[in-house]
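**Student:** Sequence:
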Amino acid sequence: MGARALGLRGVLLCCLCACSSQTVEQAAVSAAAATSAAAAVGPQAPAAAGVVAVQPVAPAAPASAPSGVAGSSVPARAGAPATAPGVSSGAAGAPAAVGGNAATPPPGAAAGSFAAGSGSAAGSGGSGAAPQAELSAGCSSGTLKAGDSTRQLQSNDRMRRYLLHIPAKYDGKSPVPLVFDFHGYSSSPQGQMGASGFRELGDQEGFIVLYPEGVGASWHVNGCCGQAMELKLDEIAFVRAIMDDVGKQACIDLKRVYASGISQGGGMAHHVACLAADIFAGVAPVSSDLRTEACTPARPITEISFRGLADRLDAYEGGHVGPPGMDGYTAIGAKPTLERWKTINMCTGTPEKMGELCETYSTCAGGSAVSLCSLPGGDHVLYRNMQGLNLPKVAWELFMKHPR
Numbered sequence: 001m002g003a004r005a006l007g008l009r010g011v012l013l014c015c016l017c018a019c020s021s022q023t024v025e026q027a028a029v030s031a032a033a034a035t036s037a038a039a040a041v042g043p044q045a046p047a048a049a050g051v052v053a054v055q056p057v058a059p060a061a062p063a064s065a066p067s068g069v070a071g072s073s074v075p076a077r078a079g080a081p082a083t084a085p086g087v088s089s090g091a092a093g094a095p096a097a098v099g100g101n102a103a104t105p106p107p108g109a110a111a112g113s114f115a116a117g118s119g120s121a122a123g124s125g126g127s128g129a130a131p132q133a134e135l136s137a138g139c140s141s142g143t144l145k146a147g148d149s150t151r152q153l154q155s156n157d158r159m160r161r162y163l164l165h166i167p168a169k170y171d172g173k174s175p176v177p178l179v180f181d182f183h184g185y186s187s188s189p190q191g192q193m194g195a196s197g198f199r200e201l202g203d204q205e206g207f208i209v210l211y212p213e214g215v216g217a218s219w220h221v222n223g224c225c226g227q228a229m230e231l232k233l234d235e236i237a238f239v240r241a242i243m244d245d246v247g248k249q250a251c252i253d254l255k256r257v258y259a260s261g262i263s264q265g266g267g268m269a270h271h272v273a274c275l276a277a278d279i280f281a282g283v284a285p286v287s288s289d290l291r292t293e294a295c296t297p298a299r300p301i302t303e304i305s306f307r308g309l310a311d312r313l314d315a316y317e318g319g320h321v322g323p324p325g326m327d328g329y330t331a332i333g334a335k336p337t338l339e340r341w342k343t344i345n346m347c348t349g350t351p352e353k354m355g356e357l358c359e360t361y362s363t364c365a366g367g368s369a370v371s372l373c374s375l376p377g378g379d380h381v382l383y384r385n386m387q388g389l390n391l392p393k394v395a396w397e398l399f400m401k402h403p404r
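The opening position of the sequence shown corresponds to residue 1 in the numbering used here, with each subsequent residue numbered one higher.
A hint or two may mislead.
Cβ-Cβ distance ranges computed for the label pairs, FRET-style [said to hold, decoys possible]:
| no. | residue 1 | residue 2 | range |
| --- | --- | --- | --- |
| 1 | G388 | G349 | 26 to 32 angstroms |
| 2 | E352 | G318 | 19 to 25 angstroms |
| 3 | G349 | S174 | 35 to 41 angstroms |
| 4 | D327 | Q132 | 32 to 38 angstroms |
| 5 | E317 | K353 | 32 to 38 angstroms |
| 6 | A310 | T348 | 30 to 36 angstroms |
| 7 | H320 | S140 | 48 to 54 angstroms |
| 8 | K232 | R384 | 45 to 51 angstroms |
Restricting the straight-line Cα-Cα distance to at most 25 angstroms, the calculated cross-link-like pairs of lysine-lysine (PhoX-like) are [unchecked claim]:
| no. | residue 1 | residue 2 |
| --- | --- | --- |
| 9 | K232 | K173 |
| 10 | K342 | K169 |
| 11 | K342 | K393 |
| 12 | K353 | K342 |
| 13 | K145 | K255 |
Note that these hints are calculated values from the structure, not bench results. Quick reminder that beta carbons are idealized off the backbone N, C-alpha and C, glycines included.
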């Protein structure tokens with residue numbers, strides 16, 4: 001349902017679905033951009049069980065695309081959004097091995113159960129010398145080349161897709177880091193690729209970025225939201241299936257796999273930190289509080305949140321997320337999220353300043369770190385901000401000091 005077909009109430013909800021700071025005209029442009037991006041992938045032919053279909057993709061939107069392509073945390077209207085062309089929902093199932101090399105997570109690891117390690121300041125080099133890389137199976141048998149492609153795989157009994165960006169520097173022989181970048185509600189992998197800045201940073205630093213696609217442009221994170229919630233999708237099973245697929249096809253350093261995402265995609269970054277820490281070394285959620293209950297990561301995991309003090313959709317102080325009179329959820333707030341991750345990672349002491357905008361607990365179990373960057377005047381979509389803070393770069397600098 002486009003913004004031009006809505007009344008006053010509908011326009012408000014459409015704006016919330018894209019970005020609460022947008023004008024009505026920008027919301028219409030963003031909706032058109034999201035539709036165009038989804039159409040760029042095109043309908044997918046059904047694939048047989050266990051078969052991966054690979055298709056090249058049209059160029060993603062430039063970084064100057066309207067910020068609303070990042071999507072929003074919750075549905076802005078009743079009912080689920082339409083499923084993206086050729087995409088079905090995921091389903092629960094047993095975790096897949098990561099490129100044949102991943103360790104199985106300890107069952108039910110409780111928060112605070114880690115062996116205490118020697119943490120370090122976020123800006124001082126993490127837990128010491130860089131560990132030896134852990135190679136994925138793709139280092140010996142991978143066939144992927146530099147460029148963009150859409151990969152289709154089977155997650156249990158449904159077909160799912162993700163967009164893959166491999167930098168020109170990739171040679172298929174040397175192991176490189178990997179970043180998962182999750183789109184927001186109502187957005188798409190192409191929209192996230194064009195907005196977040198991780199693609200450009202990956203080209204500079206030589207790491208691979210992949211953009212999973214939610215079902216109906218939504219994710220199922222702790223009882224929210226949209227079609228993914230209605231289908232009760234096991235998103236962790238989908239993430240593990242992606243990791244298994246890309247780990248077999250690309251040469252990945254399995255100690256340097258990270259996740260980010262905005263809004264509901266930020267919720268997915270928290271979600272994988274809580275439930276797939278055997279894969280991920282660190283996460284960088286944007287405009288989203290920790291909601292996964294109970295959050296019981298298998299190991300300490302570095303976390304850095306980016307929050308806008310003027311966020312009108314997912315308030316910095318917490319509270320109801322969603323338009324009045326409609327279902328949503330209650331967010332705990334940015335500071336409580338910082339403190340909750342402090343408890344989970346058994347951090348001690350008080351947070352240290354990391355530049356003008358960020359604070360970090362640097363003495364945490366296993367050499368991990370927990371950080372929060374608070375942007376004055378920042379609304380829901382923070383990739384463009386008044387301070388000129390480069391979110392991917394700040395996250396990457398912290399990630400590189402904290403491998404798994």
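**Student:** Hint by hint, say whether it matches the structure.
**Tutor:** Here is what the structure says about each hint:
1. About 30 angstroms separates the C-beta atoms of G388 and G349, a value consistent with the hinted range of 26 to 32 angstroms.
2. At roughly 24 angstroms, the beta carbons of E352 and G318 sit within the given window of 19 to 25 angstroms.
3. Against the hinted window of 35 to 41 angstroms, the Cβ-Cβ separation of G349 and S174 comes to about 37 angstroms, which satisfies the hint.
4. Checked against the hint of 32 to 38 angstroms, the pair D327 and Q132 fails, with Cβ atoms roughly 48 angstroms apart.
5. Checked against the given bound of 32 to 38 angstroms, the beta carbons of E317 and K353, roughly 21 angstroms apart, lie outside it.
6. The hinted window of 30 to 36 angstroms between A310 and T348 holds, with their beta carbons roughly 32 angstroms apart.
7. Taking the beta carbon of each, H320 and S140 are about 51 angstroms apart, inside 48 to 54 angstroms as hinted.
8. For the hinted restraint 45 to 51 angstroms between K232 and R384, the CB-CB distance of approximately 35 angstroms leaves it violated.
9. Taking the CA atoms of K232 and K173, the gap is about 39 angstroms. The hint is violated against a cut of 25 angstroms.
10. This hinted pair does not check out: K342 and K169 have alpha carbons roughly 36 angstroms apart, beyond 25 angstroms.
11. Taken as a hint, the K342 and K393 pair is honoured in the structure, with Cα atoms around 23 angstroms apart against an allowance of 25 angstroms.
12. A threshold of 25 angstroms between alpha carbons decides the hint, and for K353 with K342 the separation of about 15 angstroms falls inside it, so the pair holds.
13. Between K145 and K255 the alpha-carbon distance is near 22 angstroms, which keeps this suggested pair within the 25 angstroms criterion.
Consistency with the previously given hints fails for numbers 4, 5, 8, 9, 10, ordered from lowest to highest.
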